[in-house]
Structures are given as structure tokens and as C-alpha cells.
Amino acid sequence: MTSPSLGFRETMLLGLAGLASFIGLWSFLSVSGIVPAQFLPGPLDVASRFFDLLTAPFAGATLPAHLASSFQRYAYGVLLAAAIGVPLGLLMGFFRLLDDIVTPLFDGLRFIAPIAWVPFAALWFGTGIGGPIMIIFAGAFPPCLINAYRGARFVEPRLIEAARMLGTPSTRMILEVLLPAAVPSIIAGLRVSAGLGWQSLVGAELIVAAAGVGFMMVQAQGSVQTPTVMAGMIAIGLVGMLIDVLLRQGEGWLRRRRGLES
Amino acid sequence: MGSISFRNVDKVFGQGTGGVKALDDINLDIADKEFVAIVGPSGCGKTTCLRMVAGFEAASAGSVLVNGRPVTAPGPDRAVVFQQFALFPWKTVRENIELGLRNKNLPVGERNDLVASALKLMNLETHVEAFPHQLSGGMQQRVAIARAYVLDPEVLLMDEPFGALDAQTRVVMQEELVRLARHNPRTVLFITHAVEEAVYLADRVAIMTRRPGRIKEVLDIKAVRERENWDSHARIEDVMDLESFVHLRTHIWKSLREEKGFKDV
Amino acid sequence: MAPVASRKTLIGGMTVIGLVMLWFGLTTLTGLVTSARFPSPAEFWLSLKQINGRGYAGSTLVSHAFHSLKLVLMGFAVAVLTGVPLGLWMGWSRRVEAFVNPVFLIIRPIPPLAWIPLAILWLGLGDAAKILVIWFSAFVPSVINAFTGVRNIDKPILEAARMLGTPRWRMVREVILPASLPMIFTGLRLSLQASWTTLVAAELVGALVGVGFVLNMAQQDIYPGMILVGMVTVGILGWVTTLLLARVERRALAWNVAARD
Ligand SMILES: Nc1ncnc2c1ncn2[C@@H]1O[C@H](COP(=O)(O)OP(=O)(O)O)[C@@H](O)[C@H]1O
Ligand SMILES: [Mg+2]
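Residue numbers (the numbering used here), protein chains in the order written: chain G, 885 to 1146; chain D, 21 to 285; chain V, 40 to 300.
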């Protein structure tokens, strides 16, 4: 049997011990010179670099400015993915023919890592804002489509029958029966999309962008400025976490409102 | 040897003001090779009693003794048959039954003999290499019983073992358990909420009150059964028609009915 | 069921044929899409012949593909061999969970691709850096799913094993591990996917060989035919490895009802 739950105190102490070992090991490796400080700066160096970057520009902008331009692309890409993926998924869930047409295409493209779209994205939409948006789109699109599709396809048949019996036309059927029934699934898909989109954004910026956190990190890598690279990682992690927390809150709020959970 | 004793046993789940008292001053002695059934309203603490004998829960006060020694941990001397079977889905019927014997480090030859006789006892010989999900509920429960019996435990603990079976399978299993228990008696603590089942199977039936559970009454069935010669009837429905059986059953029912109160029946 | 299935195949097949015709029509026949944007079927074929014959970006397609495949499998293996045991251990022991969790919570939000610059700084453009980033990216799903697998084991199953007097090591090998195996495989699927994404990204950022490198060179040469070759290769490699993993899973989980449907 798994060991019984721990008390609050023990959990905290063990957690702190874990954190301390992690930071201790990191500091030890860098301070002792086992790994040259140039390649592994200590936690304090990284933290101070992080705060420097809040005001001092690097690769053309401060960290908040880089984050802002990253976030702009990210928002466009994810919104576009949702705006196309969700309606298409719903329609596929309703119209069998569309389902039969799109599914094989989708299955064929599914195995191509989103990041492999980079060359075409750059070719078609340039490296400014269009290319990265397309890559974010490629990452965020599948969960939007799949979850909307599943949500609509596996709606309780009785609901649809009841609506049919009442003579509901197709448009109204989609908007007033399938969409509401699929909302929980769609929301879950959006949350996954948001995560994958953020992931793709980083990849896109490492490769093709001329601004943004990823770009900043690549520039720092080129000039062997490890603290800046690590500060960028922290910033990306923080924003990613923030996005996830906000979406979770939104999801919880929506579920409560629909009375799905107490 | 396999006696069980509950001595002034209390059980409280949770701590402080949030604690729930599940059992209140339970006293019960089960003799070696005796078959005792506990009946009671749901949530009264029957499962908790059994889990304490098995060693999955500790008493909050008082003591639970097996052969006069306090229970500290689970072990193969107290085999459990779970309501939901709890078979290992990735092991075949044979492997499920074999595990306990392997844990005892028995020599392979002896082990195979024991498994073979357990398979035979429970009529499982045609399903030796099947996985649990390929078996019906009744078959799965046979495997669970075989897995327990093969250990030759001093004490057999059964928690509503037939609760998840359909009515017909249930009757068959009840008859088989009676056959097993009379031929090869051992100490059994049997939990159920089906009154007929308890009267049909057990030597004594303990009735519990609603939560916090106490032992309200213990009925001696064995005396009646032997006096009226129930075991001369092969089929459960013939036994259930006997006046002595009906009398005991009705008595327990009334007793339980008082417990539940009319509002939550 | 048969008519439904054949209807699906029919429509699917027609879609694919339609798409190929559309491709041919838009590029070769009408020239609506110029070859600077997307290659025509003939150009795609020529690129394929070139990379298979003379080679492109330093070697032939097969050796690029094998190199990438090798790195993915190595990184994936390292991640699985470290991640699954850690996840099982965290699931088994609340203490280990409490110790590791905060560190995990800090590192986990960093997207795997964000490790690429650091890996290149540390290990250069060679294979070691790729394996390191694949490890980071494939590690997390392996840990989380193995952990969840252990925590979701039916309690009665564990109690049954304890009741039977199962010793510790046998408990891990014959109860905990098989019981969490369905979840572990879910983790492996995600890990494999993450491995490919990360490898392609890492090779696009900097490499000397591999499918990502082919894509990178083709992008710089503005060579759409070769870009398409690279993408198709990435897709096929991802598809084949996923298929292989699914076969292993079906074998390992033959006892599992859910996995058989
Ligand atoms: N692990 C537990 N934690 C908290 N309460 C429990 C736990 N196990 C049982 N209980 C409570 O103790 C009471 C008795 O439970 P149980 O023994 O399962 O009853 P029965 O088997 O008679 O239906 C119930 O009210 C139940 O909610
Ligand atoms: Mg119970």
C-alpha cells in the first residue's frame, strides 16, 4: 500500500529540503567551479540578471518588451486556432460528410511536429509576426478541433433526438444544442491548446523571430550570456504558469456557473 | 487454531471535532472453526470490523485479537475475500491463486498440487489460463475464494462477497460456500446485509445497530440448524421454507427494521 | 458496420485523390501557386531524387532520417528509464513526493524547447545537446503519468497483495508496475511526441545533420521542394515510431480490457 498521507509540517519540511538541495546543488556546481560560472551562473546571478533585464534592454528591448511582443503573437495564434478549430470541430461533429473528409487529412498531418512548419511559415508569412503566428497556430489548433469535435460528436443522442422531434433547424441545433453540450470539452481543449501554443511560440522565436523572449535567448546564447538565457527561461516559465492559472480559474468559474460542480 | 476477539473496540475516523465515531464498544468472540455473520444497516461499521481483523485499520480503543494476540499488520493467516473481488487483472487465474503460495516460498511441486486442488474445489479447471476480465462475476469471485482458501488460512474474512453477483449466481455460490464450510470448517467472519444469506450460512449471526455501530444481539443459528437438520436439504430454497428458518429470519428483520427507522428505509 | 467503414474509406480515398489533383492543378496546371511558395509534384519528386542520390545538406535522406531517429530513441530511452522509476517512486512514497514536488513545480512550467539555447551553450551543436533536451522534454510526461498510475491503483488490489503477504520487491514488480502500466503507456505516447517536437526544433536551431537540419538548410536556400521532403519525412518518422509504440503497448497490455478496444 502507498504510505499514508503526511502532515502539513512534514510536507513543508520535506519540500523545503528538496528545494534547498536543488538550489544547494546548483550553487555548489557553479561556485566550486566544477562547471565554469560562464556556463552555469549561480541562482543569485540569474536572479539579479532577471531584475536587470526588467529595465535594461538586451537584443533591442527590455524583458517586459520582449514578453509583450511574444504575448501578442501568442494571443493571435491561439485565438486564430480557437476561431477556426472550434467551429470546424463542431461542424464535423454534426455533419458526417465533413467528418469523413477532414479526419483523414487531419490524421495525416497529426504526426508532423508543429515546429516542422517553420520553413513554410517563414516562406509564406515572413519572420516578423505572420510566421510565428502560423507556428503557434499549428501547435494550438489540434486540441481545439479534437475537443470540439468530441464534445459535439458524443452529445447524448437523446438530446439531439429531443431537439429533432421539436423540429429544430440545423443552425439552431448547432448553436443551441451541440455548442452548449460541448462547452466543457471545448474549454478543456482550449487549456491544452494554450499550453501547446506557448510551447510552439518559444520554438518559433528561437528559430525565426526578430523580437520576443525566444529571440532574446538565442541572441544571448550566441554571445555566451548564460544568465540572460536562464532569465529568459524563468520569464517563459512564469508567463506559462500565469496563463495556465488564469485558464484554470476561468474553467472553474464556467463549470460552477453551469452547475457542473459545487 | 483461529479464534477472533473484539474487546471493547471503538473506532473513530478523523480527528478532533471532525471525527466520526464508527464503532462503539464492540465485544464479540468467535471460536476456532466457527462461522459468524455480521448483519447491520449500511454504514454501521461492518466493513470496518472486518478490516481491523485483516490488519488494514487499527482500533481507536480496545483491542482486536486473533488467537489471543493483537493484530498488527495484514498477513496470509487472515485471508480476505473482497466484495469487488480485487483480483490482479494482469495475472491469469492460476497466477492469481498462486501468488500467496509463492510468497510463502513453498516448493514448486507442493505449490502446484495446492493450486490444482483449489482449482478443482472451485470448479475452475477449465479457466486456468484465463484473465479475470474474461470471466463472469461469479467465476471471478470463485477465483477470489480459491485464492483465499489455498492459503489454508486460520481465519477467512469475507466482506459481502456475493453482493456484486446476480441473484442466480449468488444462490449457487451460497450453496457452494455451505458445502465448503461444512466439509472443511474454519473460522469465518462473514459480512452481509442480506438476512437470508446470514441465516443460511452462519453458525451465529451478530446484529449491529446503526452508526455508531454496536453489537445489538447475537443469535445462535447452529443449535437450531442441527436440531432441525437443515443440512439434509441440498437446496437453499428448501431450507428457506422451513418454519425454523423463517422464524429466525423474521426475528432478524424486525430487529434491523427497528434500527433503520421507517423514514430511511 | 461494413458499409459505414467502406463509406469512410471511399470518402477518405476520394479526399486524398482530390487533394492531389488540387495540388497538381494549383501548381503545375494553372500556376496559381508559384513554385517559390509551394513545390509542384514534379519539383517534390526532383527534390526527393536529389536528396536520395547526390544528397542534400551533407548526406542522403536515409542517413539524415536515421540520425534523427537514433537521437530520438536515445533521448526517449533515457527519459523513460529515469522518468518512470521516479514517477513510480513518487507515487509509492509520500515523502519522496513531498521532497521532489516543489522542485518539479518550479521546473515544469519551463517549456522543453526553452532548454535548447542552454543545451547548445553547454554541449554545442552535436548529439549530446539534442539528447539532453529530448530528455528534459520527454521526462515530464513519463514522471507525471507513472505517478498518477500508482496513485490511481485500486486500493483493494494493493490490500489484496498485502493480505497475501507479498514482499516489497515482488510488490513493485508484480503489482505496482503492472497496475500502473496503462497510465505509464499514456505517458510514453506523450513523451514520444515531445521527443520528436524537441528534436526537430533543436535541429532547426542548430545542427550538422538530421531531418531538422534538412529543413533548416532548405529554408535558407528557399527550396520549397526540399522543405516538403523534410516535412513528409518528419511525419513518416513520427507515424512509424508511434505505431511501434502502440504495438508494444498492445502486447504489454493484453490483459487490459480497455486497451483492447
Ligand atoms: N477510511 C474512512 N475514513 C472515514 N470514514 C470512514 C472510513 N471508512 C469508513 N468510514 C465511515 O465509517 C462508517 C462505517 O463504514 P463501513 O464499515 O464501511 O460500514 P458498512 O460496511 O457497515 O456499510 C461509515 O459511516 C463510513 O462513512
Ligand atoms: Mg461495507
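Treat the hints as calculated values from the structure; they're not laboratory data.
Note that the coordinates shown come from a computational prediction; the quantities given were computed from them, not determined experimentally.
In this text, a Cβ means the ideal position worked out from N, Cα and C, and glycines have one as well.
Some hints here could point you the wrong way.
Stated by the list, open to error - With a Cα cut of at most 25 Å, we get these calculated SDA-like pairs of lysine to any residue: (1) D:Lys53 - V:Arg290; (2) V:Lys194 - D:Ala150; (3) V:Lys88 - G:Ile985; (4) V:Lys47 - G:Leu1007; (5) V:Lys47 - G:Phe979; (6) D:Lys111 - V:Lys88; (7) D:Lys242 - V:Arg290; (8) D:Lys274 - V:Met210; (9) V:Lys194 - D:Thr92; (10) V:Lys194 - D:Thr146; (11) D:Lys111 - V:Ile261; (12) D:Lys124 - V:Lys88; (13) D:Lys124 - V:Asn140; (14) V:Lys194 - D:Ala184.
Said to hold, decoys possible - Here are some chain D residues pointing at chain V (derived, C-beta under 8 Å): (15) Ala74; (16) Phe76; (17) Gly88; (18) Pro90; (19) Pro96; (20) Phe108; (21) Trp110; (22) Leu119; (23) Gly120; (24) Leu126; (25) His147; (26) Ala150; (27) Phe151.
Going down the list of hints, with the structure as the test:
no., hint, in the structure
1, D:Lys53 - V:Arg290, "violated, 45 Å"
2, V:Lys194 - D:Ala150, "holds, 23 Å"
3, V:Lys88 - G:Ile985, "violated, 31 Å"
4, V:Lys47 - G:Leu1007, "violated, 35 Å"
5, V:Lys47 - G:Phe979, "holds, 13 Å"
6, D:Lys111 - V:Lys88, "violated, 52 Å"
7, D:Lys242 - V:Arg290, "violated, 52 Å"
8, D:Lys274 - V:Met210, "violated, 46 Å"
9, V:Lys194 - D:Thr92, "holds, 19 Å"
10, V:Lys194 - D:Thr146, "violated, 29 Å"
11, D:Lys111 - V:Ile261, "violated, 58 Å"
12, D:Lys124 - V:Lys88, "violated, 66 Å"
13, D:Lys124 - V:Asn140, "violated, 37 Å"
14, V:Lys194 - D:Ala184, "holds, 17 Å"
15, Ala74, "holds, 6 Å"
16, Phe76, "holds, 6 Å"
17, Gly88, "violated, 21 Å"
18, Pro90, "violated, 18 Å"
19, Pro96, "holds, 4 Å"
20, Phe108, "holds, 7 Å"
21, Trp110, "holds, 4 Å"
22, Leu119, "holds, 5 Å"
23, Gly120, "holds, 4 Å"
24, Leu126, "violated, 12 Å"
25, His147, "violated, 14 Å"
26, Ala150, "violated, 10 Å"
27, Phe151, "holds, 5 Å"
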